[in-house]
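Student: Generate the whole structure from the sequences, applying the supplied hints.
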Amino acid sequence: MAEYPAHLVHEHRLFDGRTVTVRPIRPDDAPLVREFLDELSGESKYMRFQKWVHAPSDKLIHFLTDVDYDLHMALVCAVRHGDREEIVGEARYVSELSGGTCELGIVVADAWHKSGVAGVLMEALIHAAKEHGLARMEGLVLSANAEMLRFVRALGFKTEPAPQDRTIMRISKVLQDPPARQAR
Amino acid sequence: MKKIWLDSYPQGTPAEIDPRAYASLGELLERSCARFHDRTAFSSMGVPIKYGQLEGLSRDFAAYLQKALRLRRGERVAIMLPNLLQYPVVLFGALRAGMTVVNVNPLYTASELRQQLADSGAAAIVVLENFARTLQEALSGTAVRFVIPTQVGDLFPSPRRWLVNFAVKYLKRLVPRWRLPGAVRFREALAQGAAQALDEAGVGPGDAAFLQYTGGTTGRAKGAILTHGNMVANVEQVAAWARGTLREGAETVITALPLYHVFALTANLLVFMKLGGQNVLITNPRDIAGFVAELRKTPFTAITGVNTLFNALLHATGFEAVAASSRGTLKLAVAGGMAVQRSVAERWLRATGVPLVEGYGLTEASPNVCANRFDTREFSGKLGLPLPSTEVAILDEDGREVPSGEIGEIGVRGPQVMRGYWNAPEETANVFTADGWLKTGDLGRMDERGYVEFSERKKDVIVVSGFKAYPAEIEDVAMLHPGVKDAGAVGVPDERSGEAVVLFVVRGDPALTAEAMLEHCAKHLTGYKLPRRIEFREQLPKTPIGKILRRELREEALHPHG
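Chains as they are written, first to last, in this note's numbering: chain X, 1 to 184; chain W, 1 to 562.
Keep in mind that the hints were calculated from the coordinates and are not lab data.
Don't take every hint at face value.
[To be verified] Computed cross-link-like contacts, PhoX-like style, restricted to lysine-lysine with a CA-CA straight-line distance of at most 25 Å:
1. W:523 to W:172
2. W:542 to X:173
3. X:158 to W:297
4. W:382 to W:331
5. X:173 to X:158
6. X:59 to W:523
7. W:485 to X:59
8. W:439 to W:2
9. X:45 to X:158
10. W:439 to X:45
11. W:439 to X:114
12. X:45 to W:485
Tutor: Have a look at this one:
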């Protein structure tokens, strides 16, 4: 059982004054994640999975919530309504076994677009990836998803057409330089 | 920006058109009906209807909508008709009464129809009886208050009318049983309207003439708001392009593409109406023998189509004779909607002596944006030159123009570009750049003479014989089947239709067959969206984070056993 990286839990105040919590996902988030995905518009789901997704399967929910916080890191952004929580965004990376490269994915509830949630999540995700010594973050974004492309470029990602498929853009960002050699 | 394409225009073609040549499409009709009163405007199965008659019939129908149904200006009227004489009557009736037309593909399934009716908020629908059963199943949850069914022969003179209507219903059994309480038959509606006065609707260029539906990347169809001004501008643009080729009062065009599709609607119905020409309506061009027989009877000077249609004609028995006899009279053959194959273009030129001229457009631009020169003798393989009063730019990701010759997204500005999507501000914002360019979703480049070249699509869309099918919608339908765990749709090149849909399915129920899957899809999807092939897989290729890899699926679809 992987240890919960509690040090990654942070509160943030969005520019509209609302407070959100960014924290690593937990296996017991499954019902909240299901609710979150069910509430997403077809558009948002399509952007995330790049295909049509109906009600998410148990297998998908398990994949999304049962992560090892090492090769697979997932962060959610949650708000409190009294004693219950609502997930309004999630971001994750899965790193390949070698090469120090990871693939990222992010999706934000439709009502929370342009609220700053995506920025908060990405910042935390990049921080976590750096902490794990990952050198490079990559992802695939639909070419038609202009908003996402603008967003990641502002975060310093490079965007270029995927080889042999112009419907997809490959985005990438170097997280840290390869270990520097000692001078002299 | 410098309009470099203007130097490539044929002599006499204006750089600009007057987008306010008519205040509305109703005015276009009225002026043509006055000028060409005794000329044939439309014909169907050999039955003609003159401009003068069209004026009267559309007036009656307009008065029915206004007075009997008391529809208000701007309310939506749906038309679910194939190419029949009723189409122009209903179309101009609705437009003259001040309503907005929603064109509906008559082959839609109930779920597709329901979605479009609900989204548009259509208050009334005119439907060919053959499809009334589908409508009956689709009506719940929509705002439709009035249904006007019509029979194929309704505008034919008797006894032809009775014979045709009887044959369709009882001999060919083409009318599934239907029951729509409160429906008023088309002929009855015309009779009621004839007794009423038509009030001036006061429609101007800024009013919506059409909500023209087009698929969306994410499966939901959106209605492009095309105003009277947009449509008038595009008619003027195409007419200006045809100035040296077509003459007023002297043309007959073959209208085999469906009029509910914006290409035939503008290029055939409206442009030839402006010119006082005749539209020969082909109801079912898939009946290729019947189509050729019709062509044999009707001398024609122009024809429009998609590559698939021209290819089918070239391979049809008897077309050679038609082509030979139309030498000297045929002036223009225009292809749009999908890429034209060089082989088809060359064969067409050899058979008819007239080149197949390729044009380019999209629903959001009413639709015509580019066309090759009508006086060309050669197949360019390009989309053509921007039409008069049209700007085309090649844009980078940020909406800035790329250096000349480079590939980018084709952007369009001009008076024919839609106002936006109906009830979809976010989609509208996404399809325009800050500088007002309409982003087409197509990638291409412009050569030094101003010809636009297509390179590939940026949007994930499958174009089947000029119709757009979106993977999301097909996947959505596939996954409604209880035996399906996952599904992915891709397009593959197809000799006949340009592209065809291949559907990959991950079964939950191991007993699920391809036949059962197809049958399920056919219940929810109209013909062109149906998978040509179904492939079962244990899983779909995905990235570590769970995004589908369509490129790999396309590869697999191309080399099924590779």
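Student: Straight-line Cα separation of residue 439 of chain W and residue 2 of chain W no greater than 25 Å?
Tutor: holds, 19 Å
Student: Quickly compare the C-alpha distance for residue 173 of chain X and residue 158 of chain X to 25 Å and report which way the hint goes.
Tutor: Holds, at roughly 6 Å.
Student: Verify the proposed pairing of residue 59 of chain X with residue 523 of chain W, using a straight-line Cα cut of 25 Å.
Tutor: violated, 29 Å
Student: Take the C-alpha atoms of residue 45 of chain X and residue 158 of chain X, compute the straight-line distance between them, and say whether it is at most 25 Å.
Tutor: holds, 24 Å
Student: For residue 439 of chain W and residue 45 of chain X, compute the direct alpha-carbon distance and say whether it is at most 25 Å.
Tutor: holds, 23 Å
Student: Can the restraint linking residue 485 of chain W and residue 59 of chain X be considered satisfied, given a maximum Cα separation of 25 Å?
Tutor: holds, 11 Å
Student: Taking only the CA atoms, is the gap from residue 523 of chain W to residue 172 of chain W under or equal to 25 Å?
Tutor: This hinted pair holds, its Cα atoms lying about 22 Å apart.
Student: Under the criterion that the straight-line Cα-Cα distance not exceed 25 Å, is the pair residue 542 of chain W, residue 173 of chain X satisfied?
Tutor: holds, 21 Å
Student: For a C-alpha distance cap of 25 Å, please report whether residue 45 of chain X and residue 485 of chain W respect it.
Tutor: holds, 17 Å
Student: Take a quick look at whether residue 382 of chain W and residue 331 of chain W sit within 25 Å of each other, Cα to Cα.
Tutor: holds, 21 Å
Student: Within a Cα-Cα threshold of 25 Å, do residue 439 of chain W and residue 114 of chain X meet the stated pairing?
Tutor: Holds, because 22 Å separates the two Cα atoms, which is no more than 25 Å.
Student: Measure nothing beyond the straight line between the CA atoms of residue 158 of chain X and residue 297 of chain W; if it is 25 Å or shorter, mark the hint as holding.
Tutor: violated, 62 Å
The structure does not agree with the numbered hints 3, 6 stated previously, though it agrees with the rest.
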